[in-house]
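Chemist: Given next are the chains, with one letter for each unit.
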Amino acid sequence: MEFIKRFEDRAPVYAKIYREPVVDRFTLVGGGREDVKFETGKYFSNVYELYMYAAMLGLKKDYRLPLEDLETQKFIEIRAWRPAELVRFVLMAVIAKSDLDLNTLEDLEDNQVEGKITALKDLLEEYANGGFDLIYTKVKDEPYFFESEYCFVELLEG
Amino acid sequence: MILKSITLTNFQCYFGEVKFEFKEGLNLVIGDNGAGKSKLYDGFYWVLYDRVFDSMTREFQPTGHKDIRGNLVSDKAKSQCEPGGSVKTEVEIVVFNPQKGDEYTLTRSYTITKTESGTWREPSESVQSAFFKEKYLNSRPVSQADIESLRRRILPDDVKPYMWFQGEQVDSLIDFKKNDTLTRAINVLSDISEFDFYEELSRKAYETAEKEFQRESRRVSSNANRNDELVSKIERLRSEIERLEIERILAANDLTKAREKKDDLLGKLEDAQRIKELSTKSTDLKVRLKETDERQNKMKAAINKSLFTRNWILKGAVFLVDAYAAKYDEYTRIRMRKESEQEAQKQAMDEILKSFRLPVDVPEPIFIQQMLEKERCLVCDREAPNGTEAYQKIQELLDRSKAHKQKRKPEPVTKNDFSNELKSLYQNGLQLQGTINQADHEIKNTLGEILELEAKYKEIKAELDANEQELMDVVNASQITSVESSLNVVAEFQSHHNAIIKYEKDLQRIEIRMEEKSGEVKNTEEELRSLATGKVPKYMEEKVQVLADFRDIAKSTRARVFNRLIEQLESEANKHFFNMTAENKSVRGRIKLEKQPNDNYMPKNLDRDGRPLSSINDSNIILIKLAVIMAIISAKRSSPAAELYPLISDAPTSKFGDNYAIGFCRAASEVYSQSIVISKDFYNKPDLQNRLFEEVGDKLGSVYVIEPSLSEEEQRGHRDELEIHITKLR
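Just so you know, the sequences run in chain order X and G.
If you read the first sequence in the numbering used here, its first letter stands for residue 1, the second for the next number, and so on.
If you read the second sequence in the numbering used here, its first letter stands for residue 1001, the second for the next number, and so on.
No wet-lab data here; the hints were simulated from the structure.
Take these hints with a grain of salt, some might be off.
[Claimed, not checked] Away from chain X, derived, C-beta distances all over 10 Å, residues of chain G:
| hint | residue |
| --- | --- |
| 1 | A1077 |
| 2 | F1213 |
| 3 | L1432 |
| 4 | E1463 |
| 5 | D1473 |
| 6 | K1575 |
| 7 | N1684 |
[Claimed, not checked] Cut-off 25 Å, straight-line C-alpha distance, at most; resulting in silico cross-link-like pairs (PhoX-like, lysine-lysine):
| hint | chain 1 | residue 1 | chain 2 | residue 2 |
| --- | --- | --- | --- | --- |
| 8 | X | K42 | G | K1305 |
| 9 | X | K140 | X | K42 |
| 10 | G | K1423 | X | K5 |
| 11 | G | K1517 | G | K1233 |
| 12 | G | K1444 | G | K1298 |
| 13 | G | K1456 | G | K1298 |
| 14 | G | K1680 | G | K1160 |
| 15 | G | K1338 | X | K116 |
| 16 | X | K116 | G | K1415 |
| 17 | X | K138 | G | K1305 |
| 18 | G | K1300 | X | K138 |
| 19 | X | K116 | G | K1444 |
| 20 | G | K1023 | G | K1100 |
| 21 | G | K1290 | X | K42 |
| 22 | X | K138 | G | K1444 |
| 23 | X | K140 | G | K1300 |
| 24 | G | K1305 | X | K61 |
| 25 | X | K42 | G | K1300 |
| 26 | G | K1233 | G | K1204 |
| 27 | X | K74 | X | K138 |
| 28 | G | K1502 | G | K1261 |
| 29 | X | K42 | X | K61 |
| 30 | X | K42 | G | K1298 |
Keep in mind that this is a model prediction, so the values were computed, not measured.
Every residue, glycine too, gets a C-beta built ideally from N, C-alpha and C.
Please put together the full structure from these sequences, using the hints given.
Modeler: Right, dumping it as structure tokens:
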């Protein structure tokens, strides 16, 4: 069984409440030219870029929010995310933050391993959800913050 | 003639009866925009010429014109008219001849009728009437036939353009582009045409006498045929000289035009070159600005991309690598322990295997299997029945072989082995840790570069703005209408310069040829004379000589008189120009009426050293023109124009500053026995009014202020309430 592959087969979700104010606003869905992105204030080429950003934000700030009963939006499987080394970094960070015992994991039956991988995906979603919450709060509280080209770099500060 | 008064009744914006009385000297009618100044000028014009100025066509149109008709009548008067009733508009002027004491009253009226349905019947013609009153006698009507001559006495047609004009007409009145402007004016205001008559007369007389002389010469000639040949040669040569003269005039005209154009451009050339420089600099700055902007935008756009391409997204995430490393460390230690335990078990097994005598797989397992089946040891050839110790020993050999095979494939320590994947995550983290540490530095550098570019952008922008401003200032101050046209000025200047050289050469060539032909004529005439055997009567020769002198004198006298007039005109124009500009330091130079190659004269503005001034603004041009207009009237003292006719001018100084307005009025008061100046310049400016009153002194006539009952804005929707109030200040 390939652990990473099984993880990357999963398609994480995000809370639908962020779709319009965060995802649609900052993402040029389906990619696009850099100058177009810049001119339209869409700082991310794909939803997965924003998602990884949100996850890293949550992970860095150690802020995660369970999705609980929130209506969610699925998007592309992790295996399609790029660049690969950053995707691996995110997985590494989620594992680091999880209570998963790696030694125990190796002794589990396949179905149990799948359960653990799902738990990791859930944890990723919680951190991403935390990140989305931080972005959305900023959008509401300081709408002009995102007019600066450096906004998403600045948001990583502190 | 002095204009004593004008009375406007329901005329355009003048509701009811409004009367202005004037005196000799300077009369002023002051009013703001929309106060009825131009309508007052219209009143003067309409009563004499049955025309008013149409703002749509920018021309004077007759009463019958579709845009004029009913519009002549006050809207307020029309609004008060009941259906079936009618409204009459009327303008009356009273003109007085101070020399004889005669008085003329000229009236024009126009009546429209309101139909029962509320529409207007507007006739196409107005009605004119006039009364003449001699001193001490009762007035009597003037017949319609005499009204026309009366009108010409009040203001002759040829004088009219220089006596009655609106500010906006000044430009076309003295049009610098038309090189016969002054010639025309001088012909109108002087007796120069008499000299033209004498010149023509003397030329014809000379030609007749010469023909007579030639006939007689032929008669006394020794060779009649040769005589005829020579006479026809002379005729041919003369007609060729005439043709060359036409060519010379054409070339001279071309040369004049080219020089005019070059002179026009001379003033623009310096500006054009400056504009070109500034424009080139602007283009360069715009390119640099665009480049900087694009570089800046590219860098800004790349910032977010760098989150992923340069891993800035991991900024400050080293602790996550550390956290994973700790977890991975624990994992590997436990795993290693498990592997060690397994290794220990394996080694124990190996020890057991080593205790056997024979090497593994000796004998080979297939033979051992045969031995077990046969229950006999084939090595020592002894029986080994199943269940015996011997059989068991053979069996152990087989087990030992299987155990050895199993040793090659060690048992996994766990059910799943994720160690390589977990290790790859760890290594990936370690690898990225380096870039994470660089992220802060890179971000700082990038932001620094962007700030530098922003500062550079601002710097270039400020330089561009300043350059553009200077460019606009130069364009506005110059006579060049646009930046684009300036770029052609230099080329155009050069092309006129080349044309001048060409025309000068043409002219020279034509003149040389004319001289050659004249020489030929002279030689032929001499040969002709040599053929004479008899004598041509002396009186005939003398007659030709006298008439040739007469012809030359008439020609040079005409030229002298004309030149004297020009000198007078120039001197007068400068007097008025200095008078009008006395208080304005920005006006420089003097007016020079310059003779052109085609014998016409053009007004130029020259500096102290006689060089054309390069930058003349609109005000200066209008001033020069006004000065020339005044000079036309005042130059020739024998001209009755200044004495006999009133100047009426509407907004002559609308393009000027206060000092110019005072200068013009002062000059007008000195040139014209009566002037009526309708102006906005003095409106609501009591200090300026007082200055004018002081400067003009006892030459000041009446002063009126006209004010509309509604503001210009209110007039738009409420024309039917509009009337003009007049206040007499002096």
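Chemist: Each hint needs a verdict: does it hold in this structure or not?
Modeler: Status of the hints after comparison with the structure:
no., hint, verdict
1, A1077, "holds, 63 Å"
2, F1213, "holds, 96 Å"
3, L1432, "violated, 6 Å"
4, E1463, "holds, 25 Å"
5, D1473, "holds, 35 Å"
6, K1575, "holds, 67 Å"
7, N1684, "holds, 49 Å"
8, K42/X <-> K1305/G, "holds, 11 Å"
9, K140/X <-> K42/X, "holds, 17 Å"
10, K1423/G <-> K5/X, "holds, 15 Å"
11, K1517/G <-> K1233/G, "holds, 11 Å"
12, K1444/G <-> K1298/G, "holds, 17 Å"
13, K1456/G <-> K1298/G, "holds, 15 Å"
14, K1680/G <-> K1160/G, "holds, 23 Å"
15, K1338/G <-> K116/X, "holds, 22 Å"
16, K116/X <-> K1415/G, "holds, 15 Å"
17, K138/X <-> K1305/G, "holds, 21 Å"
18, K1300/G <-> K138/X, "holds, 21 Å"
19, K116/X <-> K1444/G, "violated, 40 Å"
20, K1023/G <-> K1100/G, "holds, 17 Å"
21, K1290/G <-> K42/X, "holds, 23 Å"
22, K138/X <-> K1444/G, "holds, 23 Å"
23, K140/X <-> K1300/G, "holds, 24 Å"
24, K1305/G <-> K61/X, "holds, 22 Å"
25, K42/X <-> K1300/G, "holds, 12 Å"
26, K1233/G <-> K1204/G, "holds, 21 Å"
27, K74/X <-> K138/X, "holds, 24 Å"
28, K1502/G <-> K1261/G, "holds, 15 Å"
29, K42/X <-> K61/X, "holds, 24 Å"
30, K42/X <-> K1298/G, "holds, 14 Å"
The structure fails to meet hints 3, 19 from the earlier list, while all remaining hints are met.
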